[in-house]
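K.L.:
Residues per chain, in single letters:
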Amino acid sequence: MEEMKNVVLEYIVDEYLDEDDEDEVSFDSPLISSGIVDSFSMVSLKRFVENKYSIKLPDEEATPEAFDTVNSICVLIKKHLG
Amino acid sequence: MAFSNDTRTLFANEIEKIKDDGLFKEKRFICSEQDAEIEVEYPEGAAHKKVLNFCANNYLGLSSHPDVIQAAHEGLDARGYGMSSVRFICGTQDIHRELQDRVSEFLGMEDTLLFPSCMDANSGVFEAILGQDDVIIADRLIHASLVDGIRLCSAEYDTFKHMNMKHLRKKLELHQNRRTRLVVTDGVFSMDGDLAPLDEMVALCNEYDAMLLVDDSHASGFIGKTGRGTHEHYDVIDGIDLITTTFGKGLGGASGGCVSGRSELIELCRQKARPYLFSNSLAPPIVNGSIKVLDLISKSTERRDKLEWNTKYFREKMEEAGLNMRPGETPIVPVMLYNAKLANDVARDMYAEGIYVIGFCFPVVPAGKARIRVQLSAAHEKEHLDKCVEAFRKIGAKYGILGMDKKEIIAKYGN
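Protein sequences, first through last, are from chains A and B. Under the numbering used here, the first residue of the first sequence is numbered 1, with each subsequent residue one higher. Under the numbering used here, the first residue of the second sequence is numbered 1, with each subsequent residue one higher.
Hints are supplied without guarantee of correctness; some may be wrong.
[Said to hold, decoys possible] Partial list, computed: chain B residues near chain A (C-beta under 7 Å):
| hint | residue |
| --- | --- |
| 1 | F88 |
| 2 | G91 |
| 3 | A203 |
| 4 | I358 |
| 5 | K382 |
| 6 | H384 |
| 7 | D386 |
[Stated by the list, open to error] Taking lysine to aspartate or glutamate pairs in the EDC-like style, the calculated list, with each CA pair at most 20 Å apart, reads:
| hint | chain 1 | residue 1 | chain 2 | residue 2 |
| --- | --- | --- | --- | --- |
| 8 | B | K272 | B | E44 |
| 9 | B | K170 | A | E65 |
| 10 | B | K406 | A | E50 |
| 11 | B | K170 | A | D68 |
| 12 | A | K56 | B | D158 |
| 13 | B | K382 | B | E329 |
| 14 | B | K166 | A | E10 |
| 15 | B | K19 | A | E2 |
| 16 | B | K412 | A | D18 |
| 17 | A | K52 | B | E156 |
| 18 | B | K166 | A | E50 |
| 19 | B | K166 | A | D68 |
| 20 | B | K407 | A | D20 |
| 21 | B | K299 | B | D349 |
| 22 | A | K46 | B | E33 |
| 23 | B | K166 | B | D148 |
| 24 | A | K52 | B | E232 |
| 25 | B | K166 | A | E65 |
| 26 | B | K398 | A | E10 |
| 27 | A | K5 | A | D20 |
| 28 | B | K406 | A | D20 |
| 29 | B | K19 | B | E39 |
| 30 | A | K46 | B | E200 |
| 31 | B | K166 | A | D14 |
| 32 | B | K406 | A | D23 |
| 33 | B | K166 | B | D111 |
| 34 | B | K170 | A | E24 |
| 35 | A | K52 | B | D405 |
| 36 | B | K406 | A | E19 |
| 37 | A | K46 | B | D134 |
| 38 | B | K17 | A | E65 |
| 39 | B | K407 | A | E24 |
| 40 | A | K56 | B | D133 |
No lab work stands behind these hints: they were computed from the structure. From the three backbone atoms N, C-alpha and C, an ideal C-beta is built for every residue, glycine too.
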């Protein structure tokens with residue numbers, strides 16, 4: 001789980017933060033509710049997770065709430081990995 | 001009655017939540033023509049107050065121009081009040097064709113299709129031209145109407161960091177396996193006033209075989225040396241495949257929008273774009289008024305030149321006064337307050353000083369980046385600009401933010 005969290009966190013930092021960004025993101029930092037990731041750009045994160053772990057996340061589960069922290073994203077991934 | 005008390009309470013609670021979140025939009029009534037000086041009833045029921053308007057999209061000051069009003073009257077007299085039809089049944093007059101041709105000529109595009117608004121143009125264009133084998137790659141800060149249109153389309157979509165060309169390149173590489181790629185951006189971003197780097201974007205689109213769509217609603221009529229738009233500013237007119245824009249801002253301010261660009265793409269919009277197919281034609285007075293606007297700004301660059309001067313002067317004076325602004329060269333000037341309550345408090349106090357501006361907070365702008373968006377107009381005279389700067393100086397001093405940078409404002413008020 002720890003390794004998965006690091007992979008997701010690394011993607012988020014690379015994909016959503018600018019080089020001069022002062023935001024620091026941790027496993028429990030709010031992503032959607034803080035505006036780091038918005039509902040429009042969330043599609044990139046969902047696609048990355050699906051490709052990386054060869055899973056398909058149904059739209060009704062890939063909600064802004066489920067994608068709000070690295071921790072909650074990894075809970076969702078684990079659920080679909082079985 | 002289906003609308004029971006419980007149902008009413010459900011919706012009333014939702015409204016209360018919007019208020020609790022500080023996102024409630026209050027009613028404000030303008031009791032005069034749209035202009036640099038307007039009369040406002042605010043709050044509702046209050047006596048009318050004369051204020052200087054610094055929050056309209058009236059960039060060229062043409063909303064109440066006598067020649068435009070006269071042309072609208074002539075359209076009304078010659079072609080009637082409305083069409084009572086969509087375009088493809090019996091709603092296309094010769095003046096609709098004339099306006100389309102005039103827009104194509106003005107923007108330097110092959111063909112143009114009118115829509116009831118640019119919101120409708122953006123809602124309809126993607127679904128009309130793309131399918132599930134294609135990909136749309138959009139800047140993350142594009143206008144909400146483009147976001148809606150992209151979501152209505154079956155094409156895959158992806159986003160890139162705001163104006164980050166390195167990231168756009170990465171995304172273009174990632175999606176090379178798609179049938180077509182369409183890169184989407186605003187020409188001038190409505191909340192930040194940023195100019196999209198279209199020269200670099202055109203080069204990348206050429207390199208990776210992608211089309212480019214630009215929403216130039218906050219640029220048409222005044223950006224570029226003859227006001228053609230952002231593509232003229234960067235000298236890449238031939239490199240743009242699609243432009244969407246509005247007649248509701250610089251180009252007269254009434255309503256209506258269009259998609260302009262490669263003839264095959266416009267024809268597909270004519271055949272398939274749902275907001276075009278299923279809503280009424282632009283009314284004749286607006287069509288005639290818009291043609292007159294194009295006449296005026298094609299004959300002379302006086303208005304866009306004045307707006308450019310106003311923008312330069314205002315930005316310089318605000319900087320001297322010590323306000324924290326997002327740098328730029330467009331007439332959209334974001335005065336950064338970062339904290340939502342501070343932005344709203346400053347806007348309220350500015351109104352008391354006779355300056356009409358609005359605070360913008362999350363989710364309209366990113367969290368922690370609340371601001372007042374000042375919009376300049378060719379209708380503003382130097383004394384209007386001086387009065388606005390003076391009011392910002394006074395209110396800025398009241399809140400102790402003059403000369404402060406981002407970190408200092410956030411340290412004082414939070415974000």
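K.L.:
Each of the hints needs a verdict: does it hold here or not?
P.N.:
We went through each hint and held it up to the structure:
Interface hint at B/F88: violated, since its Cβ lies 32 Å from the closest Cβ of chain A, which is beyond the 7 Å cut-off. Restraint check, B/G91 versus chain A: the minimum CB separation of about 33 Å is more than 7 Å; hint violated. Of the supplied interface hints, the one on B/A203 is violated, with its beta-carbon coming no nearer than about 22 Å to a beta-carbon of chain A, more than 7 Å. Among the interface hints, the one on B/I358 is violated; its C-beta lies about 20 Å from the nearest C-beta in chain A, farther than the 7 Å criterion.
Checking B/K382 against chain A by beta carbon gives a least distance of about 36 Å; that is not within 7 Å, so the hint is violated. About 34 Å separates the beta-carbon of B/H384 from the nearest beta-carbon of chain A, more than 7 Å, and the hint is not met. Checking B/D386 against chain A: minimum C-beta separation of about 35 Å lies over 7 Å; hint violated. A threshold of 20 Å between alpha carbons decides the hint, and for B/K272 with B/E44 the separation of about 43 Å lies outside it, so the pair is violated.
For the hint linking B/K170 to A/E65, the alpha-carbon distance of about 28 Å lies beyond 20 Å, and the restraint is violated. Distance restraint check for B/K406 and A/E50: the Cα-Cα separation of roughly 38 Å exceeds the 20 Å cut-off, and the hinted pair is therefore not satisfied. Distance check on the hinted pair: B/K170 and A/D68 sit about 25 Å apart at the alpha-carbon level, beyond 20 Å; violated. A hinted pair counts as satisfied when its Cα atoms are at most 20 Å apart, and A/K56 with B/D158 qualifies at roughly 17 Å.
Note on B/K382 and B/E329: the hinted pairing holds, with a Cα-Cα distance of about 18 Å set against a maximum of 20 Å. Restraint check for B/K166 and A/E10: the C-alpha separation of about 18 Å stays at or below 20 Å, so the hint holds. For the hint pairing B/K19 with A/E2, the CA-to-CA distance comes to about 40 Å; that exceeds 20 Å, so the pair is violated. Proximity of B/K412 to A/D18 is assessed by CA-CA distance (about 25 Å); at most 20 Å being required, the pair is judged violated.
Under the criterion of a C-alpha separation no larger than 20 Å, the hint pairing A/K52 with B/E156 is consistent with the structure, at around 18 Å. Only pairs whose Cα atoms come within 20 Å are accepted, and B/K166 paired with A/E50 is rejected, the gap being roughly 24 Å. Annotation: proposed proximity of B/K166 to A/D68 is violated, straight-line Cα distance about 26 Å (limit 20 Å). Restraint check: the Cα-Cα separation between B/K407 and A/D20 comes to about 14 Å, which is no more than 20 Å; the hinted pair holds.
Taking the CA atoms of B/K299 and B/D349, the gap is about 41 Å. The hint is violated against a cut of 20 Å. A distance of roughly 48 Å separates the Cα atoms of A/K46 and B/E33; the hinted pair therefore is violated under the 20 Å criterion. Between B/K166 and B/D148 the alpha-carbon distance is near 26 Å, which puts this suggested pair outside the 20 Å criterion. The straight-line distance between the Cα atoms of A/K52 and B/E232 is roughly 42 Å, outside the 20 Å bound, and the hint therefore fails.
At most 20 Å may separate the alpha-carbon atoms for a hinted pair to count; B/K166 and A/E65 exceed this at roughly 30 Å. With a C-alpha separation of about 43 Å, the suggested pair B/K398 and A/E10 falls outside the 20 Å cut-off, and the hint is violated. Taken as a hint, the A/K5 and A/D20 pair is broken in the structure, with Cα atoms around 23 Å apart against an allowance of 20 Å. Straight-line distance between C-alpha atoms of B/K406 and A/D20 comes to about 14 Å, which keeps the hinted pair within the 20 Å bound.
Of the supplied pair hints, the one linking B/K19 and B/E39 is violated, its CA atoms being roughly 26 Å apart against a limit of 20 Å. Between A/K46 and B/E200 the CA atoms are separated by roughly 28 Å; this puts the pair beyond 20 Å, and the hint is violated. Of the supplied pair hints, the one linking B/K166 and A/D14 holds, its CA atoms being roughly 12 Å apart against a limit of 20 Å. A distance of roughly 14 Å separates the Cα atoms of B/K406 and A/D23; the hinted pair therefore holds under the 20 Å criterion.
The straight-line distance between the Cα atoms of B/K166 and B/D111 is roughly 32 Å, outside the 20 Å bound, and the hint therefore fails. At roughly 23 Å between alpha-carbon atoms, B/K170 and A/E24 are farther apart than 20 Å, so this suggested pair is violated. As the CA atoms of A/K52 and B/D405 are separated by approximately 41 Å, the hinted pair breaks the 20 Å bound. Pair hint B/K406 plus A/E19 holds up; C-alpha atoms about 17 Å apart against a cutoff of 20 Å.
Proposed proximity of A/K46 and B/D134 is supported: the alpha carbons are some 18 Å apart, at most 20 Å. With a CA separation close to 18 Å, the supplied pair B/K17 and A/E65 stays within the 20 Å bound. Annotation: proposed proximity of B/K407 to A/E24 holds, straight-line Cα distance about 16 Å (limit 20 Å). Restraint check for A/K56 and B/D133: the C-alpha separation of about 19 Å stays at or below 20 Å, so the hint holds.
When the structure is compared with the earlier hints, violations turn up for hints 1, 2, 3, 4, 5, 6, 7, 8, 9, 10, 11, 15, 16, 18, 19, 21, 22, 23, 24, 25, 26, 27, 29, 30, 33, 34, 35 and for no others.
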